[in-house]
Amino acid sequence: DAKTTQPNSMESNEEEPVHLPCNHSTISGTDYIHWYRQLPSQGPEYVIHGLTSNVNNRMASLAIAEDRKSSTLILHRATLRDAAVYYCILRDVSSSNTGKLIFGQGTTLQVKP
Amino acid sequence: KAGVTQTPRYLIKTRGQQVTLSCSPISGHRSVSWYQQTPGQGLQFLFEYFSETQRNKGNFPGRFSGRQFSNSRSEMNVSTLELGDSALYLCASSVRTGPSYEQYFGPGTRLTVT
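As given, the protein sequences belong to chains A and B, one line each in that order. Each residue of the first sequence is one higher than the one before, starting from 1 at the first, in our numbering. Each residue of the second sequence is one higher than the one before, starting from 1001 at the first, in our numbering.
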């Protein structure tokens, strides 16, 4: 499975945008980029995923580099509730490992009031 | 729709005992995956069941096993518990979205082995 690299931690101020980077230089053509987050004392939560084009949903936006070797999760206005560990994960849709996610250490986001 | 539910939420067991954890996926989801989360190792994949068959398995000893029932509910069992099995055990059910899948996690079962 292709590997992702994320900063260990980031800080943000409340109500400001947050850009969480992820590097995946060995990404293959069939790898989708997924983001999950885990709030304190909860199970992980799906955030967003994409293949090549930028994606938006009610939670966040995903910006994917043209060469797909990196991506950025964008929270447009951080709230205290967004303080969590954010995981960037690659899923190969050509494999049978449909229910298997490989989690790295993720990025711990701290949001200051 | 109700989310993924796991029972029990907390459990304390003694070394050498065995334990069974239960997971009910979101209605209509046929894939159930299990993960172990510890401070040292992070989130690690245990196994996945689909239509009552184990489809994928992580790198865990044979003491860890699971099964899935015809209604997609799943159980995992850990036999001969060790102190290192103390962890948060998470269950997730998957739904296909286009070519990829989204996973929805339950709140977890916190297992403490003494």
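Among these hints, one or two may not hold up.
[Stated by the list, open to error] Calculated cross-link-like contacts (lysine-lysine; reagent style DSBU-like; alpha-carbon spacing at most 35 angstroms): (1) A:Lys69 to B:Lys1057; (2) A:Lys69 to A:Lys3; (3) B:Lys1013 to A:Lys112; (4) B:Lys1013 to B:Lys1057; (5) A:Lys3 to A:Lys112; (6) A:Lys69 to A:Lys112.
Simulated from the structure, these hints should not be mistaken for lab results.
Going down the list of hints, with the structure as the test:
A hinted pair counts as satisfied when its Cα atoms are at most 35 angstroms apart, and Lys69 of chain A with Lys1057 of chain B qualifies at roughly 28 angstroms. This hinted pair checks out: Lys69 of chain A and Lys3 of chain A have alpha carbons roughly 11 angstroms apart, not beyond 35 angstroms. Using a Cα cut-off of 35 angstroms, the hinted pair Lys1013 of chain B and Lys112 of chain A is violated, with the two alpha carbons roughly 39 angstroms apart. Taking the CA atoms of Lys1013 of chain B and Lys1057 of chain B, the gap is about 25 angstroms. The hint holds against a cut of 35 angstroms.
For the given pair, Lys3 of chain A sits about 30 angstroms from Lys112 of chain A by alpha-carbon distance, which is consistent with the 35 angstroms threshold. Distance check on the hinted pair: Lys69 of chain A and Lys112 of chain A sit about 30 angstroms apart at the alpha-carbon level, within 35 angstroms; holds.
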